[in-house]
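**Student:** Take a look at the letters that make up each chain.
There are 4 protein chains.
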Amino acid sequence: MNKKIPVGILGATGAVGQRFIQLLEQHPWFEVTWLGASDRSAGKPYTEACKWRLNTPVPEKIARMLVNGAVPEGAPKVIFAALDSAAAKEIEPKFAAAGHAVITNSSALRMMEDVPLVIPEVNGDHLPLLKTQKWYQETGGFAVTNPNCSAIGLVMVLAPLHRRFGVEKVFVSTMQAVSGAGYPGVPSLDILGNVIPYIANEEQKMEEETRKLLGSLNGTSVVPAEITLSAHCNRVAVEDGHMESVSLKLHQPAQAEEIIAAWSEFRCLPQKLKLPYAPEQPVIYDPAPDRPQPRLDINRGAGMSAVVGRLRPCNLFDWRFTVLSHNTIRGAAGAAILNGELLKAQGYLS
Amino acid sequence: MNKKIPVGILGATGAVGQRFIQLLEQHPWFEVTWLGASDRSAGKPYTEACKWRLNTPVPEKIARMLVNGAVPEGAPKVIFAALDSAAAKEIEPKFAAAGHAVITNSSALRMMEDVPLVIPEVNGDHLPLLKTQKWYQETGGFAVTNPNCSAIGLVMVLAPLHRRFGVEKVFVSTMQAVSGAGYPGVPSLDILGNVIPYIANEEQKMEEETRKLLGSLNGTSVVPAEITLSAHCNRVAVEDGHMESVSLKLHQPAQAEEIIAAWSEFRCLPQKLKLPYAPEQPVIYDPAPDRPQPRLDINRGAGMSAVVGRLRPCNLFDWRFTVLSHNTIRGAAGAAILNGELLKAQGYLS
Amino acid sequence: MNKKIPVGILGATGAVGQRFIQLLEQHPWFEVTWLGASDRSAGKPYTEACKWRLNTPVPEKIARMLVNGAVPEGAPKVIFAALDSAAAKEIEPKFAAAGHAVITNSSALRMMEDVPLVIPEVNGDHLPLLKTQKWYQETGGFAVTNPNCSAIGLVMVLAPLHRRFGVEKVFVSTMQAVSGAGYPGVPSLDILGNVIPYIANEEQKMEEETRKLLGSLNGTSVVPAEITLSAHCNRVAVEDGHMESVSLKLHQPAQAEEIIAAWSEFRCLPQKLKLPYAPEQPVIYDPAPDRPQPRLDINRGAGMSAVVGRLRPCNLFDWRFTVLSHNTIRGAAGAAILNGELLKAQGYLS
Amino acid sequence: MNKKIPVGILGATGAVGQRFIQLLEQHPWFEVTWLGASDRSAGKPYTEACKWRLNTPVPEKIARMLVNGAVPEGAPKVIFAALDSAAAKEIEPKFAAAGHAVITNSSALRMMEDVPLVIPEVNGDHLPLLKTQKWYQETGGFAVTNPNCSAIGLVMVLAPLHRRFGVEKVFVSTMQAVSGAGYPGVPSLDILGNVIPYIANEEQKMEEETRKLLGSLNGTSVVPAEITLSAHCNRVAVEDGHMESVSLKLHQPAQAEEIIAAWSEFRCLPQKLKLPYAPEQPVIYDPAPDRPQPRLDINRGAGMSAVVGRLRPCNLFDWRFTVLSHNTIRGAAGAAILNGELLKAQGYLS
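Chains as they are written, first to last, in the numbering used here: chain A, 1 to 350; chain B, 1 to 350; chain C, 1 to 350; chain D, 1 to 350.
Because the hints were derived from the structure by calculation, they are not lab data. Backbone N, C-alpha and C fix where the C-beta goes; we use that ideal spot for every residue, glycine too. Be aware that a few hints might be false.
Unchecked claim - Beta-carbon label-pair distances, calculated as ranges: (1) D/Leu273 - C/Met111: 26 to 36 Å; (2) B/Leu54 - A/Ala288: 45 to 55 Å; (3) B/Val71 - A/Ala288: 33 to 43 Å; (4) D/Pro57 - A/Lys131: 36 to 46 Å; (5) C/Glu258 - D/Leu273: 30 to 40 Å; (6) B/Glu25 - C/Glu258: 32 to 42 Å.
Let's have the full structure, built from the sequences with the hints guiding it.
**Tutor:** Put into structure tokens, the structure is as follows:
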């Protein structure tokens, strides 16, 4: 692989767009050659169009790159997309229809019947669903999505249990970081010394995306997993890292050691294919009594692992535990990049 | 009532002790005349012994009062106690054995068979249990306790539903304020930009105290309510106010309006007796989509009301909602003061 | 005074507008009878037009009141104004020209030559400057302003020293609360775990407003005080309360006790006239080694006192100390209300 | 250099001790072979003795290492020390007297006449002062110190200006991170939503250490620089990163460009010697109007660079600006490691 695949970033100036640029700076397979954003930014050099909010510098090459409008003309074939949902709904189909591979973090198309919603470790085998897209059949373009930042950590932790023991019921209460709301996002007056017990549409997304992700591809459609979930979504004064208190009921009984083994041994397509962004260990169990914690554990597996702790029996269901995942890496830009890598490894990007 | 009852504060220099002093400053029935603390503080004027952390000034009379050791000699009959659990276990029985009415916020004696664990609105009728105490029979002294700061808000909100519809199962995931851990309590490096998914013994306390509080006094013992709870306790970067995400299953079906009515109409002994510290409305339902919030709702009912919001159906049980209560007022000092008022109103303090 | 003066609130839905409504709810002289806001809000009931962010409920009468557009027609004579600066620059003159008394917190007109910039305790004698306004001469309308939230605490603390010893030079470095930026104001991603060393125009405002406030009215113009200031303005993760580290040089030498006496004895027009919103003690010196602190001291004097602490010699100038004041009460709505009371007491509102 | 120098960590379980272990994990010259701590920890494996608070894992080799008591017997010759000041005062001299090279972050010995207080970029030429130590003459042991975490950023930024233009007067107001107080350190109730305007002895340390650091070695003693400083030290709700608002007066006039050039071109001994921990650019000027900020800039130069911003004229002195430095890397463990590297490079550790 001596030549990198040129990729474009749609929504390049936003919070997730910035993460794409940061994470792709040293990527062995992909090279950012095109930036797209709203008309307000179009025509400006990137550093002028964007209020960079990450604690590493803007890559030099990107800093001087001119931002384009959000139209397919002139864009490379492979697009990582980070538009807000309303814009995505309108713009992403245009790119797919023009023959682009749209690998998107937006929620706009996630629940569409012919759009794969994928976590490579969990349901990489759903990718062929993209062949049913009209875009694919007409132009070779397609859209592939990754889940909501609050669903991804949960599903990574449920997947190995679902395979071995079957997951029946899940109660989950989240404590989500402000970076999940983008920038400017949550006003500081709303979150300093406070908790907000509401994130628009988040509970519904967690519930329905989880079923689609753990479902099975049956020819040309995904049969959702028969799991009942009840989610409570809260925003807390944390910069990065979504925490989740989980209780779950399994089909088959399982001992604590079996559960921990299922998590610790969980390896999958991305690990076998040695995808560059795949964490060595997708789910890490930490046996300390007071872990995981965002400040201490958020960067495990370079932000791509889900961390679980406090496994203990549940009085109502079978087991209780706590999940942490990095919401802007594993839960957004990193998720899409790993989808892109899987697409490449399986021949969808050539 | 032209003469106030003299009361003492055990553990007067700690966080809850300070709240007792603050809340009792203008109390119509009680007057603080004695302060007790560890030997380290004994003999010093209060302001010297104590690092006052509240945002109202130390009452002038208290400021100059000398602190006594934690021994019954010289203490008034009525004692509000705020010792840490280990000290309480040793010291509170000495006071009760010496004939004092010990109204305590400590967890040390809460689950003892002959010690009433009381929220006046919920189970004021458990008070007669104190007559079974050996101390009471021998010297007239006794101990009465209030629940853990995380249990009290939950139980206030469950009680009216339990009466009308029967509560069967409860999931609860908490987001608790740092003031619940006292002072110095939680190190700032542990909580800034962080969530700690563990509070020692807290989940067990919530589960067992809730059953005792919602149980019934059967002659000389309390029969715990047959409710199954599963608690997840988390610490967040909030100064005051415990938030709780709750899912519950009822015996009898209930409509949303019936549930809201049960909460809004909930009035009880303290309201009927017009106890000075009783909130007009013990449970307040807020219909806004994003309430309650600690910063905005913590002082409703002068910090003595529990606030509920986001009532919506639960996919697993019947209903989901969010609860907030003030952990150092309703959840600690205010709870004990209301217990003291009920004891007084019912003739136990004369 | 058996009938209250009807007043209107311009910019009623914003953060300072909400404070006006909260603070005026029980006011003995003024009664809010009119609400004005942008066209977007006009015609809606207040609770619908406004996202109320204070921790006391919207006064019932106000909740149902319809919001008007920001035009003078139909508005009462006395207007408290809380528009943002750009809107104020355009709208406030229209109200003054239509005969209204515009008592404003906005920065728009503060430095205009014929507009009094007033802290009642400091320079209430500047009020007659309003008679030089063309509006006043033509219609009886006028505009009176209060200073920036960061200037007001500093100037209250400088004023008694300036009178007794003369202030020559002032270094000030601020740590300002997020509420000073209004709502939504500072994004949480910008301030959690962070300090922002920049607030647009704030340093210039502090420097020039201080000189005007401590200046003297010379016939028909204000001669600014000959004080040199150098301000450093920073934003920190505090909800309410601006802190300021100050070094100052005096004309005449002064001992620590003389300085503390100057602060403690400082009483002025508002105290003599017993204006309802006047704090008993405008400047409070706290001798504790680690005070003032926002969380503990912000509400002294009901949020209308400036609190000073840590007086100690300065190696460069004469003295160093720390100042705290409540930025949305003393620094905004409360400041304007006190201006309104002084105007009323001196016959400008009849 | 094919064999690493064995080093010991004194105070290995504390916050700075942990940083030493983290930063030395991959060090090309030094290898941690010995851990010393209080008697309470002695005899335990490191992970048992220590509550690890960093967001990278404990190096495997260290995790299993047994902790020793804080006595020289059995310790390697080179010791990095991170004891609290009281312990350091007693223990460090024992190690030096026993022939060890004590490279310490503690304040205990910093201002002793024969102890070098060194920032390699600033006054590496003070190292020979250690030869005047009685310990050195008798056993070859010695002590070398680095400055307080609040002084180091300031002095790095002053040094290039002092060399070119002469620094006369400095006003500095700090906003310091909680990690500067160690662990458990600042209670969360003291800092959430708050500022503490006091850090014990910090202002004196900044003032006197700065003069010693910028002074000159005159044979066998350091002549302090003739600079007058006035420091205001404040604690804010930031995890890592000390911010400082600075005004300064120079001997010789300097233009903004000259000052920025002095900073940007500042290279010194550690850069010339290519010491492993030396940042490429010790002082980085950021021209953005709102920088530096802890969250965004703390890791520049791997936490070893000081970042300056907002250079603008000062009304009282010559120039105003803002300084940021990483208080536990450049301000503590990293500072000592760089001192160790300079000692090694100059032959003091053989």
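**Student:** Now tell me if each hint is right for this structure.
**Tutor:** Now for the hints, and whether the structure bears them out:
{"no.": "1", "hint": "D/Leu273 - C/Met111: 26 to 36 Å", "result": "violated, 55 Å"}
{"no.": "2", "hint": "B/Leu54 - A/Ala288: 45 to 55 Å", "result": "violated, 34 Å"}
{"no.": "3", "hint": "B/Val71 - A/Ala288: 33 to 43 Å", "result": "holds, 41 Å"}
{"no.": "4", "hint": "D/Pro57 - A/Lys131: 36 to 46 Å", "result": "holds, 42 Å"}
{"no.": "5", "hint": "C/Glu258 - D/Leu273: 30 to 40 Å", "result": "violated, 55 Å"}
{"no.": "6", "hint": "B/Glu25 - C/Glu258: 32 to 42 Å", "result": "holds, 34 Å"}
The structure fails hints 1, 2 and 5 (numbered hints given earlier, in ascending order).
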